[in-house]
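Asks: Single-letter residue listing:
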Amino acid sequence: MAFTIGSLIYSGSIFSVIIYLLTRFSVKLGSIFTTVLFGLYVYAIYILKDSVSISFIHLPGAYNLTFKADLFNWPFLMIGTIVLFVSALFSIHGLKSFKSAASFNFLSVLVGTSVLGVFGANDLLTLFIFWELMTWASFFLVSMGKKEARSAALFFLFMSMISAYLMIYGMFLVYNKVGSFSLDVIANNWGDLSDIRGRLFVLFVLAGLIKGGVWPVHVWLRTTHGNAPNIFSSVLSGILIKFGSFIVYLFVVFFPAFYLTTKGVSSVGAEKLSHPILAYIGAISIMIGTLSAIRQNDFKKLIAFSSVSHAGYIVLGIAFGTGSAILGGLSHIWVHALTAAGMFLSAAAVYYVTGTTNMDEMGGLVRKMPITFTTYLVAIISVAGIPPLAGFVSKWLIYQALIAKGNYLLTFIAFFGSVGSFLYVFRPLATVFLGQLPHKYDSVKEVPWSMQLSMLIVTILTIVFGVFPSFMLKPIIRIEEALSIPTVKIEGYSNIYTMLTQLDMFLVAIIFGIGFIFVTILFFLLAKSTKVEQYEQYTAGEIVQEISTTPEIYHYSKNYYRSFERVIEWAPSLEEYYRIAARHISRFYDILDGIIFKSGIPMYVWFITITILVLLLIRW
Amino acid sequence: MLSWNEFLIDWVFVYGPLSIFFIGLYGLMTQKNLLKIVISIDIMDLGVNLFIVSLGYVKNGVAPIYTSKNLIFIKNFVDPLPQALVLTAIVISVAVSAFVLSLTIKIYEKYKTVDIDKLNTLED
Amino acid sequence: MVNMIILAVVFVIGAFIFQVTLSGFSRKVVARIQKRRGPTVFQNFYDIGKLLFKESSISHGFIFDFGIWMALGSTIATLLFMPVGGWALMPKYANIIVIIYLLAVGSLGMAMSAVGSGNPLASIGVSRALTQMFAYELPFVVIAVLIIYLAKSSNILKIIEYQTQNGWNLFSMPIGALVAYISLMGMLGKKPFDTPIAPAEIASGPLVEYSGKYLGFLMIQHEFATFIEVGLFVHLFMGSTSIIGFLIKYIIVYISAVMISSVMARLKIDEVVKFYWRWPLGLAILQAIITLGVRF
Amino acid sequence: MVKNPVLLIALPLIIGFFTAFISPFIKKGYSIIAIFTAAITTILSSLLFSNSGTDLITYPIGGWSTKYGIYLISNIQISGLLVLVNFIAFLALIYYSIKERDLGSELGYSLGFILSIAAVNGLILTGDLFNMFVFIELLSIGGYILATHKGGYYSAFKYVVLSSIGGLFFLIGVISIYNVTGLLSLLYIPKTESFHNLPAIFLIVLSVIWVIGLSGESELFPLNMWVGSVYKNTSTSAVVFFASVLSVGGIYAIIKLLSLIFNNGYAAIYRYIYALGLITLFIGEAVAFKQKDAKKMLGYSSIAQAGLIISLVALSIKSSLNIDLYSSAIFQLINNIIAKALVLFGLGVIGYSGFNKLKGVGKERREVALLLTIGTLSLAGMPGFAGFWSKFYIVKSLVSNGEIVFLVVFLFSALFEVYYLLRLSQIILFEPQEEEVSLEIPSIVEYVILTMLAAVILYIGFYPNVIYNLICKVGLIGG
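Residue numbers (the numbering used here), protein chains in the order written: chain X, 99 to 718; chain R, 16 to 139; chain P, 7 to 302; chain B, 5 to 483.
No wet-lab data here; the hints were simulated from the structure.
One or more hints might be untrue.
What the hints assert, rightly or not - In silico BS3-like pairs for lysine-lysine, Cα to Cα no more than 25 Å straight-line: (1) X:Lys370 / P:Lys158; (2) R:Lys133 / B:Lys400; (3) P:Lys98 / P:Lys158; (4) R:Lys121 / B:Lys361; (5) X:Lys503 / X:Lys126; (6) X:Lys245 / B:Lys296; (7) P:Lys280 / P:Lys196; (8) B:Lys477 / B:Lys400.
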């Protein structure tokens with residue numbers, strides 16, 4: 099069976115309508131159909147792995163939409179479709195109580211096609227069209243969320259449109275110069291674009307940073323992720339913000355390296371690919387994301403800021419420019435796609451049973467939802483970059499690159515983000531899953547099978563990519579080899595060699611497993627322990643039933659890091675500045691309206707007269 | 016010393032109508048009463064119409080009429096077109112005046128006021 | 007392979023005996039400072055044995071148990087990557103970054119288990135412990151990265167090799183060593199940085215709910231973690247290829263830390279953060295600037 | 005068959021007068037006459053369209069020479085625009101007859117609609133300056149009538165005052181050019197020697213006076229202050245007329261003046277008009293952004309679009325008749341009026357335009373809300389819809405001409421445009437309902453109207469070149 103990206107997109111756009119109608123008929127059926135469609139995408143992309151195929155959608159007239167699937171964009175397509183599939187699987191039961199399920203599925207399929215379209219684009223026009231398709235589809239998707247979701251969606255739209263407009267300008271700049279939108283043509287002519295290259299770089303990379311949620315243009319992530327429908331958050335954070343990383347990859351790595359490679363340069367070094375300012379922007383993003391995440395009180399907003407921090411790692415890796423850093427940055431896209439999906443899906447599962455994402459109101463859910471807990475635990479271990487999970491591999495590669503180049507400040511910040519991430523990922527673990535289970539959740543059950551299955555898939559993939567990193571790294575190493583970037587060596591499934599040292603993730607996992615099993619056996623050999631109720635606690639002599647009538651009182655979850663927050667409280671919030679700017683613009687527009695349109699006829703005539711006089715008297 | 020002709024062309028035929036026009040404009044800028052605004056527009060109309068007519072002026076001109084008895088081409092014909100145009104313009108301005116006055120009545124019936132400031136608060 | 011396993015077992019047991027004896031000794035040192043006689047040197051063995059074989063112990067559910075397995079298991083796993091002197095079980099993989107992060111799994115397991123008990127005092131303790139970790143890791147990382155860069159490898163054996171050629175880092179970067187030492191105090195949770203435990207304040211924080219074999223496991227875990235942390239410091243700053251040398255330096259570092267801590271008073275947690283981010287971090291950056299300035 | 009387009013103007017006028025005369029004898033069914041008129045003009049314009057080519061053809065009236073007499077001009081672009089305008093007028097009249105017939109005197113408003121159709125057709129077709137003035141006034145009078153349809157007398161009053169001022173300015177301009185060239189023909193004035201000898205300042209003043217004179221109808225700054233309140237306070241069919249029919253007349257009149265009279269190198273003129281257009285664009289989008297009433301908001305959006313289009317045309321003539329810029333402007337005009345008509349009809353079918361009343365009505369009127377969303381998405385320039393391509397071509401032509409200032413202003417205002425348009429859809433589809441609103445059940449005809457316009461938008465969205473190539477082929481009239 100011959101798949102092309104074009105045919106997948108055709109099928110997506112046709113099925114979107116069918117799925118809409120099916121979901122109107124039965125929500126479950128529609129979601130199953132969506133899942134099957136996305137499953138087909140995963141399969142199709144998987145078998146497209148070693149093909150270099152270019153497919154077309156013909157628009158009558160001068161412009162065609164062209165798509166390709168080759169080694170340069172395959173990893174993006176693969177991870178994108180996996181996350182799509184997983185969240186569609188989750189939605190089979192997850193959409194049960196959702197009001198506009200039909201529109202949700204319809205728009206999800208559109209977002210799905212846009213994922214294929216953006217990552218599979220062979221020319222900038224296609225990329226742009228699907229980028230905008232994603233923008234409006236996800237605008238409506240976000241609007242379906244919580245109460246504040248409407249204004250969050252508008253903010254998201256506004257920021258997305260800024261990035262789209264930056265792109266459209268850059269797109270035509272390059273079109274004027276080379277006469278084509280095609281990525282290959284641009285890459286081949288990259289050297290001749292020297293007069294507009296700076297502008298192009300700023301336009302596209304800024305667009306990518308906005309979409310990617312990198313400081314200082316990350317401000318939309320908090321409200322958008324926090325209020326979007328829970329299932330969509332995983333797609334939004336898992337893939338859609340990776341669109342930004344993809345653009346950054348294209349302009350920072352792909353074009354220059356491809357051009358140099360075609361010019362016959364045998365090895366493209368870091369000096370050609372490194373962009374220090376961008377790397378530092380990524381680093382600031384890591385810090386801001388980490389510190390802001392620690393302060394969040396809402397489960398999803400916390401994950402949103404962790405996305406900011408991880409987008410920073412991706413940009414830092416890509417922009418740093420050495421083979422190992424780019425490998426780390428690009429593989430972090432995989433890692434974060436999976437972990438963000440895992441975290442958001444577990445947040446969605448928690449919301450599904452409790453109806454809230456406010457961490458204060460929960461506790462002890464691990465007793466009721468072991469699978470969700472496991473998903474979250476694995477995801478955070480990966481997020482914090484702890485071996486033997488996937489997050490460690492990509493971060494380790496970035497550290498190696500930074501240390502090898504001796505960039506202290508960046509190394510320090512990268513570690514800062516990593517250590518800081520222990521703090522913020524632990525907070526939901528402690529306050530949502532562990533501790534005291536409030537009575538109101540006494541009757542909750544683990545989520546239905548489809549949601550469990552989708553979370554399990556994410557968990558297993560995170561573990562597999564951690565223990566056998568070659569599955570994740572090999573496709574990216576192929577890119578680097580094709581672009582003649584000196585890269586790290588990988589032996590077998592798990593042995594990675596860099597300039598500084600070597601790492602065998604499988605060995606780490608085995609030793610970890612041995613230690614764990616040894617202790618567990620020892621534990622069971624010793625005398626059996628008695629299990630007690632959740633109230634039976636050490637209370638310094640007080641009787642629990644007397645001092646705490648509800649478990650909520652006996653659960654430490656409010657202001658979890660208050661003492662730490664006190665240390666960083668003085669820091670100004672960028673979001674506040676944006677809000678002030680917006681208020682000023684809004685007030686200015688109000689004034690315009692008031693002066694020009696709301697005044698009466700005499701004022702109108704004054705305006706007319708003044709306009710005429712100004713037009714006639716100013717010598718232009 | 017200004018000749019009578021120059022005075023006529025400049026001051027009576029050009030600046031005269033224009034000043035009438037500007038008086039109307041001044042009325043529009045300052046008046047708050049709908050009726051006064053209507054009158055101001057009519058004054059502006061008047062100014063423009065006078066301007067058009069005056070452009071057709073030719074010194075010692077004669078009526079641009081050919082008859083079967085008078086077929087001689089005379090150089091100082093008065094331009095007939097502006098006069099034809101001004102008729103149309105006058106008709107239109109009369110129609111507009113009528114319409115706008117009826118609107119004023121309607122507004123008065125609806126809001127019981129013809130003051131612009133009050134109307135602005137009543138309907139936006 | 008069998009050799010490896012035997013070596014590993016010997017190594018773990020040896021490290022255990024050494025560190026537990028040493029911590030028993032340190033209790034005696036503290037007692038002398040406080041003009042007491044103190045328990046016997048082997049008191050810690052008795053304690054652990056007593057706890058492990060106690061008939062009754064309280065469990066707070068699966069996570070409570072699971073966290074303990076994770077904590078001790080991963081700490082033992084970390085220990086296996088740890089070199090001693092010039093010797094290591096897996097020389098190629100004695101990677102400092104791996105060790106630091108694997109150690110974090112142990113902490114995570116313990117934190118999870120503690121919070122899983124449902125006791126708010128444990129939660130408070132864990133939140134403080136994480137905050138303190140954030141505080142002391144940063145200056146430590148700056149210095150560690152500096153050393154890795156100088157040694158051109160993150161393999162500890164290579165770092166030791168570098169020091170045998172160029173002299174101890176303790177002398178070439180004394181400020182850095184001081185910083186790392188202060189960080190080490192934080193890692194070990196010694197006064198003035200024992201805020202997460204704070205027995206008088208939050209009833210030993212994370213440990214509040216443990217008894218019997220749980221507490222015994224955690225004590226073992228603590229001893230191993232101490233071995234790794236102090237060992238790392240010794241390797242980074244006083245690298246030597248002989249095992250005996252390593253152990254002597256280890257004893258000096260550990261006992262001095264105990265002695266200092268015995269005359270200190272506890273800081274509040276936000277004071278801890280402010281302290282680490284003001285002085286050690288500043289000094290660490292100063293050290294980095296000095297070292298790099300000398301080299302280039 | 006009938007090839008002379010004069011019927012497009014004459015027929016509505018004749019029907020109108022005839023209707024007025026027979027009004028004592030029949031009491032009802034005037035709206036049917038109006039629909040009938042619009043249908044005939046639509047058919048006539050399609051015939052004209054099918055018979056016209058890219059060349060500008062003059063149609064003298066009464067056998068006079070085109071230099072001195074009255075005549076009409078047309079080519080495939082003009083006739084295409086006529087088809088569209090008359091068709092939308094036809095749809096609006098159908099809507100009027102089924103929904104808004106009893107809002108005011110049926111005779112009066114039917115006549116108003118018929119008069120407006122005649123005036124717009126005349127304004128688009130005429131090749132003569134004085135005729136243009138007459139049609140402007142006729143258009144205004146038609147507009148005055150429509151503006152009062154729902155009793156918004158004060159807003160109509162504003163419109164009358166501003167339009168009359170505009171008309172006077174235009175008349176002054178017409179008479180001045182007649183005084184110096186002795187001609188009124190658009191095609192011949194630029195060919196006369198006296199025109200070439202005119203001082204630049206005269207032409208600048210003239211162009212400014214004309215553009216400002218026409219700014220009332222074309223909704224350009226500074227005479228567009230009436231737009232918001234008139235849009236808000238009149239009926240749906242009348243608003244559709246204002247947004248998609250009357251404004252086209254005004255805008256096309258300016259385009260004709262610019263491209264026929266000032267088409268050879270008076271750069272200064274275009275700087276003025278270009279600036280005026282940009283100011284209009286910015287102010288329009290900014291003010292629309294702040295509105296709390298959907299119809300008012302769309303009104304200010306129309307203002308902004310008019311500014312954009314005029315700026316583009318001015319720029320295209322300034323940069324020596326650049327076809328790209330001009331074509332993108334016309335394409336934008338077409339897409340804009342179709343989509344705007346769709347959104348306005350949708351709002352009409354829902355029956356409310358205040359944001360507080362619109363909240364959540366999409367849950368009860370799902371189909372209407374979705375069709376309306378197609379309109380807003382197209383106006384916002386999202387891919388898959390017609391509006392995307394006009395934005396695409398505008399940016400393309402601006403970048404290829406290096407007009408960065410324009411581009412920045414355009415994209416900056418477009419940001420706000422996208423914001424408020426999609427907010428409208430969001431309010432209708434997703435906001436929870438706050439007030440009880442009683443909704444009428446839409447008739448099948450209303451669905452047909454909406455679906456038809458939505459289908460056109462989607463068609464252009466997927467096959468933009470069908471129309472764009474046609475526009476490109478013709479290029480500037482008189483160019």
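Asks: With the threshold set at 25 Å, check whether the alpha-carbon distance from R:Lys121 to B:Lys361 stays at or below it.
Replies: Not OK: R:Lys121 and B:Lys361 at ~28 Å, beyond 25 Å, violated.
Asks: Tell me if the straight-line CA distance from P:Lys98 to P:Lys158 falls inside 25 Å.
Replies: 15 Å, holds
Asks: Is X:Lys370 within 25 Å of P:Lys158, Cα to Cα?
Replies: 23 Å, holds
Asks: If you draw a straight line from the CA of P:Lys280 to the CA of P:Lys196, is it 25 Å or shorter?
Replies: The given pair, whose Cα atoms are some 17 Å apart, holds under the 25 Å limit.
Asks: Quickly compare the C-alpha distance for X:Lys245 and B:Lys296 to 25 Å and report which way the hint goes.
Replies: 20 Å, holds
Asks: Going straight from one Cα to the other, do B:Lys477 and B:Lys400 come out at no more than 25 Å?
Replies: 17 Å, holds
Asks: Holds or violated: X:Lys503 and X:Lys126, Cα atoms, limit 25 Å.
Replies: With Cα atoms ~53 Å apart, X:Lys503 and X:Lys126 exceed 25 Å; violated.
Asks: Holds or violated: R:Lys133 with B:Lys400, Cα cutoff 25 Å?
Replies: 48 Å, violated
When each numbered hint is compared with the structure, violations occur for hints 2, 4, 5.
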